[in-house]
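Trainee: As a plain string of letters, each chain reads:
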Amino acid sequence: MSQSYNRGTVEDFGRWREFTAGMWAWIFHKFTGWVLVGYLFTHIAVLSTSVGVDPASAQAGSDLYTSTLSGLESLLIVRFLEVGLLAVAVFHILNGIRLLMVDLGVGLESQDKSFYASLLLTGAIVVASVPTFLGGKLL
Amino acid sequence: MSTQIEQQETETEADEETEPEVESPGDRRRAQRNERQAQEQAQREVEEETLDDEDTITLKVFRYDPEVEGKQEPRFDDFRVPFHKGMTILDALIYARDHYDSSLTFRHSCRQAVCGSDALFVNGRQRLGCKTQISELEDPVRIEPLPHQEVVKDLVVDMEHFYDQMEAVEPYFDADETPDDKLEEQRQTRENREKVKMSTRCIWCGACMSSCNIAAGDNEYLGPAAINKAYRFAMDEREGENRKQERLRIIEQEHGVWRCQTQFSCTEVCPKDIPLTEHIQELKREAVKNNLKFW
Ligand code: HEM
Ligand code: SF4
Ligand code: FES
Numbered sequence: 001m002s003q004s005y006n007r008g009t010v011e012d013f014g015r016w017r018e019f020t021a022g023m024w025a026w027i028f029h030k031f032t033g034w035v036l037v038g039y040l041f042t043h044i045a046v047l048s049t050s051v052g053v054d055p056a057s058a059q060a061g062s063d064l065y066t067s068t069l070s071g072l073e074s075l076l077i078v079r080f081l082e083v084g085l086l087a088v089a090v091f092h093i094l095n096g097i098r099l100l101m102v103d104l105g106v107g108l109e110s111q112d113k114s115f116y117a118s119l120l121l122t123g124a125i126v127v128a129s130v131p132t133f134l135g136g137k138l139l
Numbered sequence: 001m002s003t004q005i006e007q008q009e010t011e012t013e014a015d016e017e018t019e020p021e022v023e024s025p026g027d028r029r030r031a032q033r034n035e036r037q038a039q040e041q042a043q044r045e046v047e048e049e050t051l052d053d054e055d056t057i058t059l060k061v062f063r064y065d066p067e068v069e070g071k072q073e074p075r076f077d078d079f080r081v082p083f084h085k086g087m088t089i090l091d092a093l094i095y096a097r098d099h100y101d102s103s104l105t106f107r108h109s110c111r112q113a114v115c116g117s118d119a120l121f122v123n124g125r126q127r128l129g130c131k132t133q134i135s136e137l138e139d140p141v142r143i144e145p146l147p148h149q150e151v152v153k154d155l156v157v158d159m160e161h162f163y164d165q166m167e168a169v170e171p172y173f174d175a176d177e178t179p180d181d182k183l184e185e186q187r188q189t190r191e192n193r194e195k196v197k198m199s200t201r202c203i204w205c206g207a208c209m210s211s212c213n214i215a216a217g218d219n220e221y222l223g224p225a226a227i228n229k230a231y232r233f234a235m236d237e238r239e240g241e242n243r244k245q246e247r248l249r250i251i252e253q254e255h256g257v258w259r260c261q262t263q264f265s266c267t268e269v270c271p272k273d274i275p276l277t278e279h280i281q282e283l284k285r286e287a288v289k290n291n292l293k294f295w
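Note that the protein sequences, when read in sequence, are chains A and B.
Just so you know, we're using UniProt numbering here: the first sequence kicks off at 1 and counts up by one.
Just so you know, we're using UniProt numbering here: the second sequence kicks off at 1 and counts up by one.
None of these hints come from the bench; they were simulated from the model.
Quantities reported herein were computed from a predicted structural model and do not represent experimental measurements.
C-beta: ideal position from N, C-alpha, C; glycine also.
Don't take each hint at face value.
Okay, derived cross-link-like pairs now, EDC-like style, lysine to aspartate or glutamate, Cα gap no bigger than 16 Å in a straight line [claimed, not checked]:
1) Lys60/B / Glu40/B
2) Lys289/B / Asp103/A
3) Lys289/B / Glu252/B
4) Lys60/B / Asp158/B
5) Lys195/B / Glu239/B
6) Lys284/B / Asp103/A
7) Lys113/A / Glu268/B
Only some residues are given here: those of chain A computed to face chain B with a beta carbon under 8 Å [as the list claims (entries may be wrong)]:
8) Trp26
9) Gly96
10) Leu99
11) Met101
12) Val102
13) Asp103
14) Leu108
15) Ser110
16) Gln111
Whenever a hint applies, use it, and build me the whole structure from the sequences.
Mentor: And the structure:
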């Protein structure tokens, strides 16, 4: 057989050239799933290192836990990250439900529409959450 | 989807002709044909003269030939092809080959979406050359060989791996029991025929496999077409329970149905509109039902 040419980058880009709804959904689901795992570990690390057992200072509102959390909440970047986390979680849940339907073989013809619906709903919920997350006073 | 240039019907005129001359029907037909060809030639010349930008399309075609020095670096060649109504990608390629560069290489045979030899990567998507209208595409039309297969020359890719995957699912009817009388038909119920109907339409073009991200990253993955083939027989009630179990064993293996991540790209590109993802999902459920027993 004739020697054949490995198209290298053409090959790799070809794979991603034309994205369809299902492929975006897949990428986003992977991404959000791993972000959630990352958050889970950070969450555990932060909380487990900020539990102090000192009833007196807890009474005064100056214990480790309160100061850690209010310290975090006073950072604008943390507020934005929280909005991002909500977006990621909501999309993962909605698309997760979509994937469960796909696995059950329900409504496969509208899999693209249900993906767009997940995106829109995520967007709406995130926008609605902005006042809550960004509204509180930065202590 | 006609690939022919439209021809004037002249038969009715011929019937009305009542010339007394001693002329064989063959002579008459030949004379008419010559006349028609002359007309067409004249028409074509006029068309070609009045050709402007609107009537032509530009093809950007991937070229590569490992056997000719100077063509071993892949490149894109531009061809300007006159457009006519109903023109397909394949028609345009044939025109370019016949008029500009006879070394331009691509596979085709039936020109009517039956043989499956001309799946190409057109404007970033897997399409069947003979089933894709130029008018649906943006100009210039970029034509490349199918991704994720070795390129042999120009638009020709090596299909060997794809065929191997197809063979791996034993793509032939093989019933547990055949009728004693060899001539007896093996009838299928209407419902069962409906169930496998879409899956029988595969023309082995390889578009689905080429579009699949998972298949691109895992060479052992059976791929949508092969799994669809397995579906076609596993769901055929005439084969019997034993054969079905064997078929399920094939599709359940490590690089079988479970690799599918439901991206639906195969379903999007299949020129025969086979609901590939649906069939893969159904086989997944079938496999689970087969293995999970709570009693
Ligand atoms: C109601 C909540 C959730 C639902 C409905 C859900 C649903 C799903 C589903 C259906 C899948 C499988 C995707 C597939 O078929 O390939 C999945 C994957 C995954 N989920 Fe979730 N999930 C939820 C919450 C979470 C949380 C809280 C985390 C992290 C702590 C998480 C992390 C992941 C990861 C890492 C994957 C695998 C992604 C990959 O394919 O690499 N999920 N989820
Ligand atoms: S399933 Fe469709 S895309 Fe895949 S090989 Fe068969 S006809 Fe082509
Ligand atoms: S030439 Fe046969 S499928 Fe296109």
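Trainee: Decide, hint by hint, whether the structure agrees.
Mentor: We went through each hint and held it up to the structure:
no.: 1; hint: Lys60/B / Glu40/B; result: violated, 29 Å
no.: 2; hint: Lys289/B / Asp103/A; result: holds, 13 Å
no.: 3; hint: Lys289/B / Glu252/B; result: holds, 12 Å
no.: 4; hint: Lys60/B / Asp158/B; result: violated, 21 Å
no.: 5; hint: Lys195/B / Glu239/B; result: holds, 14 Å
no.: 6; hint: Lys284/B / Asp103/A; result: holds, 8 Å
no.: 7; hint: Lys113/A / Glu268/B; result: holds, 14 Å
no.: 8; hint: Trp26; result: holds, 5 Å
no.: 9; hint: Gly96; result: violated, 12 Å
no.: 10; hint: Leu99; result: holds, 7 Å
no.: 11; hint: Met101; result: violated, 10 Å
no.: 12; hint: Val102; result: holds, 5 Å
no.: 13; hint: Asp103; result: holds, 7 Å
no.: 14; hint: Leu108; result: holds, 5 Å
no.: 15; hint: Ser110; result: violated, 11 Å
no.: 16; hint: Gln111; result: holds, 6 Å
Violation of the numbered hints given earlier is confined to hints 1, 4, 9, 11 and 15; the remaining hints are satisfied by the structure.
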